[in-house]
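Visitor: Got chain A; can you put chain B on it based on the hints?
Protein sequence lines correspond, in order, to chains A and B.
If you count the first sequence from 1, position 148 lands on 148 in the working numbering, and the numbers rise without skipping.
Counting from 1 along the second sequence, just add 1000 to a position and that's the residue number in the working numbering.
Simulated from the structure, these hints should not be mistaken for lab results.
Think of the CB as a built atom: it goes at the ideal place given N, C-alpha and C, for glycine as much as any other residue.
Certain hints may be false.
[What the hints assert, rightly or not] Pairwise CB distance ranges, derived in the manner of DEER restraints: (1) K185/A - Y1020/B: 52 to 60 Å; (2) F1184/B - G22/A: 50 to 58 Å; (3) R1465/B - G22/A: 13 to 21 Å; (4) V18/A - I1014/B: 20 to 28 Å; (5) K1191/B - S181/A: 39 to 47 Å; (6) K1450/B - S47/A: 56 to 64 Å; (7) A1432/B - Q101/A: 48 to 56 Å; (8) I1085/B - L14/A: 48 to 56 Å; (9) G1151/B - L222/A: 48 to 56 Å.
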Amino acid sequence: MNSKNLMHAIGILLLLLVGDWGIGTLLESSAKNRRYDDRIGKILNGSLQSNQIFILGESAASRNVNAEILTEGLSKESFNIGFPGSNLTFHEMMAEIILDQKDHDTEMIILTLNERGLLNNTKNDVGGLSFREDIANAYIGNNKVLEFLTKNTEKNVYLSKLSKTYRNNDNLNQALAWLISGTEKENRLNKVSPRGSMPLDSKSITFDTLSFDARGTDFNPLELDKKLESSLLNIIKRANQEQVKLLILLSPEYKKEANGFIPYLNSLPGEFSILDLRQSMLEKDLFYDKSHFDKKGSEQYSRLLVKEIEKYLND
Amino acid sequence: MQFNSFEYLLFFPIVVIVYYLLPFRFRWLLLLAASYLFYMTWNPYFILLIMGSTLVDFYCGNQMAKLPDKKQRLPYLWISLAFNIGLLFMFKYFNFFNENFATLFEFLNLSYMIPALDILLPVGISFYTFQTLSYTIDVYYGRIKAEKHLGIFALFVSFFPQLVAGPIERAKNLLPQLHKEYTFDFERVKKGVLLILWGLFKKVVIADKVGILVEVIFSAPEGLSGIVLLAGAILFCLQIYCDFSGYSDIAVGSAYVLGIKIMDNFRRPFFASSMSEMWRRWHISISTWTNDYIFRPVMLKVGSKGKVGIIYSLMVTFVILGIWHGANWTYLAFGIFHGTIVSFEYGFQKQLRKFHKWISNKKLVTVGGWCITISLWVIGNIFFRADSLTDAFYIISNLANDWTFNIEEIKTQLALNNEMHWKLFNNRFVIALSLMAAVVMFIIHYFQEKGSVRAQLEKAPRLVRYSLYSALFFSIVLFSTNSNYQFIYFQF
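So here's chain A without its partners, still in its complex pose (with noise of 0.2 Å):
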């Protein structure tokens, strides 16, 4: 190669690596501009470090734990960072996150479970629980959620690290939607409360037909996902190491609730509390659907929450 040869590849590479860091910003902006619900970006940039209780979970979190009553109830700032369909890994990941913010005013985190959420996707018959990546995307920057998504999607971390562009570039289709349309239009996937809650206004189609299921099911630990053992093992570790009280909340279903389910979780290492409200409140009319409270069985649920809760944080 003569020098000739050697200049022009040293000016392509310059080329591709000021083009690269462009585009790659461009992108990760353009993602979070896009996003209605930015309750991640929040908790990234520092402004919820104030609040004392930090509700995690999947939809029975979400749309079922009003964190404005729980500030009023409890007088500790609440909020709600569920996230519909999401599974235990997402959870440890928005764990971790709230924890390794700086000065951190975190006393409580109470995080939804149910026996399905430890049950390997395939077995589990709401279906659809996974890690969002189609949430978690838009914060690729921060190191921890790469981390994350790296591990839990084929994402290279390698490549991630070396080059802007591949790092975001999952992000392509949300910043195409915003240089086309500008940021979400509101609906019921993103609508959050000033808290983070995302109560459920109407009732679901199927809500006619709805029954109590009597059946019950058996909760079997050699049907578990290790994976997703192995997120709630990391939640209790690193909740227990910053001195964080954690509550796994067992939420109401419309249905009888499954055996064996905490035996198993009182066979864990670590500290936690568990609450189990399986049976409390089986009133259909405060019901959404099978899984979900609507908005009024929301509230009552919370000032429910409200009494209990007060237990274990004067324990």
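Guide: Only chain B this time, still in chain A's reference frame:
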């Protein structure tokens, strides 16, 4: 290891650097080790099949070279044919035949006890067995000399750029190149790298994204309107072209960086104006292989039967070409479909020529031929892609139904499966961009048909060239999203 993977991104530059630093006498060893390693990343045990094929064909080739008479050489040819075709049969076709015999016996109320084999299909087996078979056949006919260097021969069988999905190379072309020494040539390496980038562009930017739509349509064709089914069939043609020709470009480019020129596998097939021409432009290495090793020998046997003999030879060739792709009735139907059309073109060539003369407008003949060819190609590929013959016939018979274009209705139709719908929704703008990239690709192909685009590009100002190279590079990086899609032809 896939060409569109991080592993290959590390593997290939390391091989290239060590290759040019090593003294010439050790290079074959490096390439052989690299090729075996490349293959073993899928399944380390299956390398034994490649080694077995290598040893058998090396032995047969050298034994044949010692014998002057074809008759004496014949047993060695049979050994090679039996070994390679036997391998292919056991791993690829046994379960298919076994399953169908079991069904037939059940139908006849007879007992059938042969169990299915619980084996995986070794990646690339159809490609390397055909490549090594061509070697022994050529040695048998005295077209080439037998290779005396076992290492070089092993490299011929397993050369990593074209090992798992072709192009199926001929010994006449590849073996002499493996004996030559190549020095580092910046221009050649640049050309090779650009070809790799172009291949990745077709695969990552177009094929993988268009594939999302194709998957949605072909996974549940029932109830979809004719226009959606037609769109699915057309998009599949685009997907498979970009997927397979993209793979071939990366293979040719990778070999070229190492100084080795392997054959082009595609020559802008969508500009063909007859099906025969299409097969001269599409998957050239398999169409020339089947021409040389199936069509011609069969024709020699039945040559005296004139037109009928040729049509018979064409049908045999296309049926074998169809089932070469896989043990499935859909591939057999694909072969029969194409065999019938090419036979028709051959059988009625005089009448077609007269008809073209009667039209007397060359452009109209070309455009008309193109329209018919593309339409038939789209229909043929439905057999290739459909999950079953039932699905294929359902799609074909419903193509003409319900052509009302109501975007809301199409959206509802495509939302049959939640997961698919989610995938589609999360990629909708990217898919649109991908279709625009396909238009750009066809424009480039159009200019390539007129002359060399590369030569024109070399004349352009440096800033323009560098900007285009950068755009190519960044489009690949942007579209290399989380799901690493496998190349379609790896299954063959």
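Visitor: Falls inside 39 to 47 Å, the C-beta gap from K1191/B to S181/A?
Guide: 42 Å, holds
Visitor: If I claimed the Cβ atoms of G1151/B and L222/A lie 48 to 56 Å apart, would that claim hold in this structure?
Guide: 52 Å, holds
Visitor: Is the hinted range of 48 to 56 Å satisfied by the C-beta distance from A1432/B to Q101/A?
Guide: 39 Å, violated
Visitor: Does the Cβ distance between F1184/B and G22/A fall inside 50 to 58 Å?
Guide: 32 Å, violated
Visitor: Given a hinted range of 20 to 28 Å, is it respected by the beta-carbon distance of V18/A and I1014/B?
Guide: Given a distance of about 27 Å, which is inside 20 to 28 Å, the answer is holds.
Visitor: Does the hinted range 56 to 64 Å hold for K1450/B and S47/A at CB?
Guide: 59 Å, holds
Visitor: Could you see if the CB distance from R1465/B to G22/A stays within 13 to 21 Å?
Guide: 20 Å, holds
Visitor: CB of K185/A to CB of Y1020/B, is that within 52 to 60 Å?
Guide: Between K185/A and Y1020/B, where Cβ atoms are some 56 Å apart, the hint holds.
Visitor: Could you say whether the range 48 to 56 Å given as a hint is met by the Cβ separation of I1085/B and L14/A?
Guide: 54 Å, holds
Hints 2 and 7, counting from the list given before, are not met by this structure.
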